[in-house]
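Peer 1: Note that the protein sequences, when read in sequence, are chains A and B. If you want this note's numbering, it's the position in the first sequence, counting the first as 1, plus 138. If you want this note's numbering, it's the position in the second sequence, counting the first as 1, plus 12.
Just so you know, the hints here were simulated from the structure itself, not pulled from any lab data. Hints may contain errors.
[Claimed, not checked] Reference listing, derived: stretches of chain A covered by chain B, where coverage requires no fewer than 3 residues with Cβ under 8 Å from a Cβ of chain B:
#1 230 to 241
#2 361 to 370
[To be verified] Derived Cβ-Cβ restraints for the label pairs, each shown as a range:
#3 B:A185 - A:T388: 58 to 64 Å
#4 B:K280 - A:R372: 42 to 48 Å
#5 A:A330 - B:P112: 34 to 40 Å
For clarity, every value in this text was computed on a predicted model and none was experimentally measured. Quick reminder that beta carbons are idealized off the backbone N, C-alpha and C, glycines included.
Each chain, letter by letter, is given below.
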Amino acid sequence: MTLTLTLREAPPAPVDAEAIAPERLAGLRRAELDRLELGCGNRPMALSELFGISGTPGDDVRIEGDLSRFAGLGAGMTGGRLTLAGSVGPHVGSGMRDGELIVEGDAGDAAGAGMRGGRLVVRGSAGRRLGGADPGARAGMRGGEILVHGDAGEEAGAGLRRGLIAVAGHVGAAAGLRALAGTIVALGGLGAQPGAGMRRASIVTMTDAPLLPTYARACTYRPPFVGLCLRRLRGLGLAVTNTQIDGRYTRWSGDGLELGRGEILILEPEP
Amino acid sequence: MRLGDTEVVDTFAEAFTMWGARIVVTAGSPAWAAHAGRSLTGFATSVIGCKCEAGIERELAAEETPDGRPGVSALLFAPDKEGLGKRLVERIGQTVLTCPTTACFNGLSAEEEADVGGQLRFFGDGWQASKVLDGRRYWRIPVMEGEFLVEERFGIVEAVGGGNLIILAEDVATALGAAEAAADAMRAVEGAIMPFPGGIARSGSKVGSRYKALMASTNHELCPTLRAQVDDSQVPEGIGSVFEIVIDGLAPDPVREAMRVGLAAAAKAGARQITAGNYGGNLGKHHFPLRELVP
Chain A
139 MTLTLTLREA
149 PPAPVDAEAI
159 APERLAGLRR
169 AELDRLELGC
179 GNRPMALSEL
189 FGISGTPGDD
199 VRIEGDLSRF
209 AGLGAGMTGG
219 RLTLAGSVGP
229 HVGSGMRDGE
239 LIVEGDAGDA
249 AGAGMRGGRL
259 VVRGSAGRRL
269 GGADPGARAG
279 MRGGEILVHG
289 DAGEEAGAGL
299 RRGLIAVAGH
309 VGAAAGLRAL
319 AGTIVALGGL
329 GAQPGAGMRR
339 ASIVTMTDAP
349 LLPTYARACT
359 YRPPFVGLCL
369 RRLRGLGLAV
379 TNTQIDGRYT
389 RWSGDGLELG
399 RGEILILEPE
409 P
Chain B
13 MRLGDTEVVD
23 TFAEAFTMWG
33 ARIVVTAGSP
43 AWAAHAGRSL
53 TGFATSVIGC
63 KCEAGIEREL
73 AAEETPDGRP
83 GVSALLFAPD
93 KEGLGKRLVE
103 RIGQTVLTCP
113 TTACFNGLSA
123 EEEADVGGQL
133 RFFGDGWQAS
143 KVLDGRRYWR
153 IPVMEGEFLV
163 EERFGIVEAV
173 GGGNLIILAE
183 DVATALGAAE
193 AAADAMRAVE
203 GAIMPFPGGI
213 ARSGSKVGSR
223 YKALMASTNH
233 ELCPTLRAQV
243 DDSQVPEGIG
253 SVFEIVIDGL
263 APDPVREAMR
273 VGLAAAAKAG
283 ARQITAGNYG
293 GNLGKHHFPL
303 RELVP
């Protein structure tokens with residue numbers, strides 16, 4: 139059974155929605171659900187003030203409406219399925235550990251920041267620091283998968299330590315900034331300074347990229363992991379071509395100012 | 013019992029508990045996958061001398077493999093799980109890692125696992141890198157050709173080793189023809205392999221020897237040339253050659269099914285008599301009575 143929350147009207151101020159995750163709502167009786175408080179600006183608002191509530195709390199939650207003033211939806215969720223049928227505010231799915239979170243519109247900044255597991259799917263575009271580090275933290279995403287069907291903003295995967303970020307569209311500047319490990323796949327190209335300060339991570343892109351001079355060309359080859367990874371992404375619904383799966387990639391190693399064990403793999407155009 | 017013109021002895025095959033794994037090897041072409049598969053499963057006929065038993069389970073089409081390339085699946089068995097883990101690391105390290113264009117994947121979901129890629133990664137001398145996809149960790153090991161990709165953990169299961177059929181006929185050509193027909197039929201059974209060359213052993217053994225250093229020796233009871241010299245010969249009058257097919261499986265059912273189809277094929281191909289090897293039922297946990305396999 140699905141619990142459906144339908145937004146009554148746009149809230150008067152930004153809402154801290156970290157309380158909304160399937161496992162946190164699952165154990166609540168209807169009266170408790172109605173009274174559940176979310177911080178709206180500088181005052182609390184009951185869930186029933188903000189949303190029309192139908193269905194039964196369980197491991198499947200659907201929220202309908204323009205949620206762009208809601209921050210932290212699904213933050214830290216540990217299981218179940220949360221579908222957000224509209225655009226959402228910042229920090230959606232930040233620190234999530236398991237389960238599936240689907241954003242049917244656009245996601246704000248820091249979507250999936252500090253994520254540790256599970257899958258975050260954004261059908262639209264994502265803002266800055268997708269899968270990045272929380273303020274003050276060295277490491278960003280530590281596990282799981284983020285799939286964005288549109289574009290992603292600047293500093294996607296900043297501080298990435300583990301996990302996979304895949305973007306069907308364009309990824310903004312400084313992708314993989316100071317990334318420690320993990321993988322970023324940019325099917326629609328990269329902005330300026332990709333992999334700045336990167337230590338071990340991989341960035342895979344399908345078009346030529348404006349690389350920093352601290353990256354050195356290694357060779358052109360068919361990395362077996364890329365084919366495996368792209369087949370996985372195709373299975374998850376991203377548009378990946380056979381050319382991308384079977385293609386030859388040029389490996390650039392860097393960042394030479396850091397450990398230098400990172401790589402940017404750029405698909406070679408077909409002859 | 014009779015199956016057509018073939019006498020089927022009312023006995024049973026006695027098999028033992030082993031530990032097994034399925035290895036999926038892919039490569040840039042079917043030929044290189046086959047090279048790797050043959051090397052991986054080579055010199056693995058019997059635990060007596062090879063520490064493990066292995067065979068190619070089947071060829072895999074590109075659409076059946078994790079990376080969309082042609083491949084083979086191989087099964088490897090060892091007497092205990094620690095030994096199986098060691099054999100996996102040794103064999104994949106020496107035969108798959110070294111083989112051009114290959115990658116290597118776990119082919120078995122199981123509760124227990126052996127660390128394979130996590131050991132082989134050290135060949136990378138610090139340049140190796142790991143990637144996690146869908147909860148499975150892979151190791152990328154730089155090699156002179158490019159890069160070797162190997163999954164970290166391989167599922168291992170309690171398995172069955174030593175299912176067998178013994179095929180007797182009046183001469184080598186007839187006995188071997190019947191054994192070949194049986195082995196061909198058995199190859200269609202998923203989850204089972206026949207570890208001897210071509211699936212067939214001409215030198216079945218018994219436990220022990222008159223020489224103390226040997227733990228196994230020729231099965232004199234089934235050597236046609238000794239029929240007139242030994243008191244306990246099991247070779248009937250008119251039999252000139254005997255072959256054995258040993259079957260290892262990931263579970264009892266594939267072994268039983270391989271014996272069933274093999275028995276039928278051998279009988280149809282001219283076996284005079286079909287029997288099975290056992291130790292009186294006191295040693296092996298798994299018993300496969302031939303009576304249950306005759307239609």
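Peer 1: Among the hints numbered above, which are violated by the structure, and what are their numbers in rising order?
Peer 2: Of the numbered hints given earlier, the structure breaks just one, which is hint 1.
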